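Chains as they are written, first to last, in our numbering: chain U, 11 to 125; chain F, 3 to 114.
No lab work stands behind these hints, which were simulated from the structure alone. Predicted, not measured: the structure shown is a model, and the values here were computed from it. Fair warning: there could be bad hints in the mix.
Claimed, not checked - Covered stretches of chain U (in silico footprint by chain F; criterion: 3 or more residues with CB under 8 Å from a CB of chain F, positions within the stretch not fixed):
{"no.": "1", "region": "23–35"}
{"no.": "2", "region": "42–56"}
{"no.": "3", "region": "108–114"}
Said to hold, decoys possible - Have a look at the derived ranges for each label pair, beta carbon to beta carbon:
{"no.": "4", "chain 1": "F", "residue 1": "111", "chain 2": "U", "residue 2": "107", "range": "34 to 40 Å"}
{"no.": "5", "chain 1": "U", "residue 1": "27", "chain 2": "F", "residue 2": "60", "range": "44 to 50 Å"}
{"no.": "6", "chain 1": "U", "residue 1": "125", "chain 2": "F", "residue 2": "73", "range": "29 to 35 Å"}
{"no.": "7", "chain 1": "F", "residue 1": "66", "chain 2": "U", "residue 2": "66", "range": "42 to 48 Å"}
{"no.": "8", "chain 1": "U", "residue 1": "64", "chain 2": "F", "residue 2": "65", "range": "22 to 28 Å"}
{"no.": "9", "chain 1": "F", "residue 1": "7", "chain 2": "U", "residue 2": "36", "range": "33 to 39 Å"}
{"no.": "10", "chain 1": "U", "residue 1": "64", "chain 2": "F", "residue 2": "111", "range": "38 to 44 Å"}
{"no.": "11", "chain 1": "U", "residue 1": "15", "chain 2": "F", "residue 2": "82", "range": "21 to 27 Å"}
{"no.": "12", "chain 1": "U", "residue 1": "106", "chain 2": "F", "residue 2": "71", "range": "27 to 33 Å"}
{"no.": "13", "chain 1": "F", "residue 1": "86", "chain 2": "U", "residue 2": "22", "range": "31 to 37 Å"}
{"no.": "14", "chain 1": "F", "residue 1": "111", "chain 2": "U", "residue 2": "80", "range": "39 to 45 Å"}
{"no.": "15", "chain 1": "F", "residue 1": "111", "chain 2": "U", "residue 2": "54", "range": "20 to 26 Å"}
{"no.": "16", "chain 1": "U", "residue 1": "93", "chain 2": "F", "residue 2": "14", "range": "31 to 37 Å"}
{"no.": "17", "chain 1": "U", "residue 1": "12", "chain 2": "F", "residue 2": "101", "range": "24 to 30 Å"}
As the list claims (entries may be wrong) - A few chain U positions that, by computed beta-carbon distances, are all more than 12 Å from chain F:
{"no.": "18", "residue": "59"}
{"no.": "19", "residue": "63"}
{"no.": "20", "residue": "68"}
{"no.": "21", "residue": "73"}
{"no.": "22", "residue": "75"}
{"no.": "23", "residue": "80"}
{"no.": "24", "residue": "83"}
{"no.": "25", "residue": "87"}
{"no.": "26", "residue": "90"}
{"no.": "27", "residue": "119"}
All C-beta atoms in this analysis are idealised placements derived from N, C-alpha and C, irrespective of residue type, glycine included.
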Amino acid sequence: NAGVTQTPKFQVLKTGQSMTLQCAQDMNHEYMSWYRQDPGMGLRLIHYSVGAGITDQGEVPNGYNVSRSTTEDFPLRLLSAAPSQTSVYFCASSNLAGGPAGELFFGEGSRLTVL
Amino acid sequence: AQTVTQSQPEMSVQEAETVTLSCTYDTSESDYYLFWYKQPPSRQMILVIRQEAYKQQNATENRFSVNFQKAAKSFSLKISDSQLGDAAMYFCAYRPLLKLTFGTGTRLTIIP
């Protein structure tokens with residue numbers, strides 16, 4: 011099983027460039043989310059979605075856009091990259107039927123560097 | 003806002019010994035879930051153990067167990083018979099409904 015797949019795994023951008031981090035899951039999970047991980051700060055929630063057409067902001071949403079057109083995909087867009095967005099990004103999904111007990115399944119992470 | 007605090011940035015333990023990682027959280031909710039996730043050098047996030055706030059019995063998964071003190075809002079992880087493969091970052095996390103909030107992590111080193 012593929013689980014949660016993130017692409018690309020590594021990316022270097024220049025300030026002001028745009029890019030999209032892709033996330034796909036094959037477990038039919040309703041809930042999908044994006045986190046960023048920075049040294050000493052743990053993982054912080056950027057945006058999340060509970061189904062196609064439904065998204066909401068997390069703790070650090072500024073500078074990021076999301077959309078959810080299908081159950082499987084949840085891309086994260088950086089419209090104008092800034093050095094402060096240098097981080098490791100994780101996509102995670104879970105089955106809403108399990109409620110808050112549901113285990114979050116994570117992708118392998120995407121390391122983004124903005125110069 | 004809910005917060006999760008891990009006050010030990012780094013811990014070390016001798017192989018085969020027991021170590022306890024601390025976690026406290028702040029919430030006004032009465033029901034929620036608490037988790038410990040492990041992140042080895044591969045960067046993969048792995049669920050170690052989970053605990054529902056309404057259950058008084060502490061969760062156990064093989065060598066991993068928790069000490070959940072709801073009134074004190076404390077959720078520590080005990081690793082028994084530590085193994086080299088336990089070396090990783092450990093994150094405590096809190097989830098009342100949908101959003102999962104993580105602590106800043108504790109880096110665990112296993113000394114052979």
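Hint check results:
1. 23–35: Not satisfied, violated; 0 residues make the cut.
2. 42–56: With 8 residues closer than 8 Å to chain F, the region 42–56 of chain U meets the three-residue bar; holds.
3. 108–114: Our answer is that it holds, as 5 residues pass the Cβ test (under 8 Å) against chain F, meeting three.
4. F:111 to U:107: 34 to 40 Å: 38 Å, holds
5. U:27 to F:60: 44 to 50 Å: 49 Å, holds
6. U:125 to F:73: 29 to 35 Å: 49 Å, violated
7. F:66 to U:66: 42 to 48 Å: Distance hint for residue 66 of chain F, residue 66 of chain U is violated at roughly 32 Å.
8. U:64 to F:65: 22 to 28 Å: Violated, since residue 64 of chain U and residue 65 of chain F (Cβ atoms, about 40 Å apart) do not stay within the stated range.
9. F:7 to U:36: 33 to 39 Å: Holds, at about 36 Å.
10. U:64 to F:111: 38 to 44 Å: The hinted range 38 to 44 Å holds for residue 64 of chain U and residue 111 of chain F, with Cβ atoms some 42 Å apart.
11. U:15 to F:82: 21 to 27 Å: 35 Å, violated
12. U:106 to F:71: 27 to 33 Å: Once the Cβ atoms are compared, 29 Å apart, the range 27 to 33 Å for residue 71 of chain F and residue 106 of chain U holds.
13. F:86 to U:22: 31 to 37 Å: 34 Å, holds
14. F:111 to U:80: 39 to 45 Å: Check passed, 42 Å falls within 39 to 45 Å.
15. F:111 to U:54: 20 to 26 Å: At roughly 25 Å between Cβ atoms, residue 54 of chain U and residue 111 of chain F fall inside 20 to 26 Å, so the hint holds.
16. U:93 to F:14: 31 to 37 Å: Given range 31 to 37 Å: holds, Cβ gap about 34 Å.
17. U:12 to F:101: 24 to 30 Å: Cβ of residue 12 of chain U to Cβ of residue 101 of chain F: about 25 Å, so the range 24 to 30 Å holds.
18. 59: Not fine: 10 Å to the nearest Cβ puts residue 59 of chain U too close to chain F.
19. 63: Non-interface label stands for residue 63 of chain U: nearest chain F Cβ at 16 Å, farther than 12 Å.
20. 68: The claim is violated: residue 68 of chain U sits with its nearest Cβ about 7 Å from chain F, within 12 Å.
21. 73: Residue 73 of chain U is indeed farther than 12 Å from all Cβ atoms of chain F, at 19 Å.
22. 75: 19 Å, holds
23. 80: 19 Å, holds
24. 83: 19 Å, holds
25. 87: 21 Å, holds
26. 90: 26 Å, holds
27. 119: 5 Å, violated
In this structure, the hints that do not hold are numbers 1, 6, 7, 8, 11, 18, 20 and 27, in rising order.
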